[in-house]
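Construct all of the structure, not just a fragment, from the sequences and the given hints.
Top line first, the protein sequences correspond to chains A and B. Per this note's numbering, the first sequence starts with residue 1, numbered consecutively. Per this note's numbering, the second sequence starts with residue 1, numbered consecutively.
Accuracy of the hints is not assured; some may be wrong.
Stated by the list, open to error - Below 30 Å or equal to it, Euclidean Cα-Cα: the simulated DSSO-like pairs (lysine-lysine) are:
1) B:K30 - B:K67
2) B:K67 - B:K93
3) B:K43 - B:K68
4) A:K95 - A:K156
5) A:K167 - B:K67
6) B:K67 - B:K50
7) B:K43 - B:K30
8) A:K167 - B:K93
9) B:K30 - A:K95
What the hints assert, rightly or not - Here are some, though not all, of the chain B residues that point toward chain A, as calculated from beta-carbon distances under 10 Å:
10) G40
11) I54
12) Q72
Hints in this document: simulated from the structure, not taken from any laboratory. Ideal placement from N, C-alpha and C gives every residue a C-beta, glycine not left out.
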Amino acid sequence: MLERVPAAPDPRESDRSGLPLRVYVRRSGSSDSLVRVETRLPSDVTVVEQAVELIVRHCLSGHAASQRFRFNLSVVLSECLANAILCGNVQNPDKSVAVRAELRQDRVELEVTDEGDGFDPAAVRDPTTQDDLEEPCGRGLFLIRSLADEVRFNSKGNSICLMLRRK
Amino acid sequence: MGFTTEKNAGGVLVVRVEGQLIVGNRQELKSVIQEASDNGERKFLIDFSKTGYIDSSGLGALVSISKKIREQGGELRLSGLNEDLRSLFELTKLDTLFAIADTSDQALAAF
Numbered sequence: 001m002l003e004r005v006p007a008a009p010d011p012r013e014s015d016r017s018g019l020p021l022r023v024y025v026r027r028s029g030s031s032d033s034l035v036r037v038e039t040r041l042p043s044d045v046t047v048v049e050q051a052v053e054l055i056v057r058h059c060l061s062g063h064a065a066s067q068r069f070r071f072n073l074s075v076v077l078s079e080c081l082a083n084a085i086l087c088g089n090v091q092n093p094d095k096s097v098a099v100r101a102e103l104r105q106d107r108v109e110l111e112v113t114d115e116g117d118g119f120d121p122a123a124v125r126d127p128t129t130q131d132d133l134e135e136p137c138g139r140g141l142f143l144i145r146s147l148a149d150e151v152r153f154n155s156k157g158n159s160i161c162l163m164l165r166r167k
Numbered sequence: 001m002g003f004t005t006e007k008n009a010g011g012v013l014v015v016r017v018e019g020q021l022i023v024g025n026r027q028e029l030k031s032v033i034q035e036a037s038d039n040g041e042r043k044f045l046i047d048f049s050k051t052g053y054i055d056s057s058g059l060g061a062l063v064s065i066s067k068k069i070r071e072q073g074g075e076l077r078l079s080g081l082n083e084d085l086r087s088l089f090e091l092t093k094l095d096t097l098f099a100i101a102d103t104s105d106q107a108l109a110a111f
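Here you go:
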């Protein structure tokens, strides 16, 4: 079964003021990929809440998921979008963030790609040490790694791909 | 999504986070607290019983708020964290930094 809504427009070509976000949804009951959600977001942190709600709702609609799983997925997605918008695209309105969320039988996969220069994930400090506990920043990647079951970056460091097992 | 504030009889400003506390609205919470602090408020309770989720930006904002309140001789307590939210504080070890009560009544009684 295929269900399509209009493909996500490139936010750079649109009037962003008050523009509702659009997602591209593909549902398939026969293959391992049950639902695939794609969208492209402007580099604007005020869209993160709506984007997370929309993507998680479409991705899990009609499928069983525990409250904790929905919570972890929402937090991890919010972190990825915030990192992409703030650190990757540095809120440059000429850049956007591509998102893919895919529900499979046993897991959800997320892929978030920005248009920034990338970073070295190995260089990120542990925010839970006594020295860094009162730092206002630096917990995003730590939370992603703590809540997701697998995390990978591309070699450039501007695309994160992660997996959460369905529980 | 939003914040409601209410001053209780004991002089504690209770801020309720309704919805999410994330990258898109953390500055708003900081502004609410800062403005109240500038107006002389010193006792703060942030209640999360109506909160969906918090991201690292929200946690970072709470750390900043806590620092500022402490520097000004004030006191901050948190309450109403459900099991999911509490797990974020435990993972990041921020449960060791904040005074966290199960309910707002318990937190208010501790001021």
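Cross-check of the supplied hints:
1. B:K30 - B:K67: Given pair B:K30, B:K67 holds - Cα atoms ~12 Å apart, limit 30 Å.
2. B:K67 - B:K93: Cα-Cα ~16 Å, so holds.
3. B:K43 - B:K68: holds (12 Å)
4. A:K95 - A:K156: The hint holds at about 17 Å.
5. A:K167 - B:K67: violated (37 Å)
6. B:K67 - B:K50: Roughly 24 Å separates the two Cα atoms, so the pair holds.
7. B:K43 - B:K30: Holds, at roughly 15 Å.
8. A:K167 - B:K93: With a Cα-Cα distance of about 25 Å, the restraint between A:K167 and B:K93 holds, given a limit of 30 Å.
9. B:K30 - A:K95: holds (28 Å)
10. G40: Hint on B:G40: violated, closest Cβ of chain A at ~24 Å, above 10 Å.
11. I54: holds (8 Å)
12. Q72: violated (16 Å)
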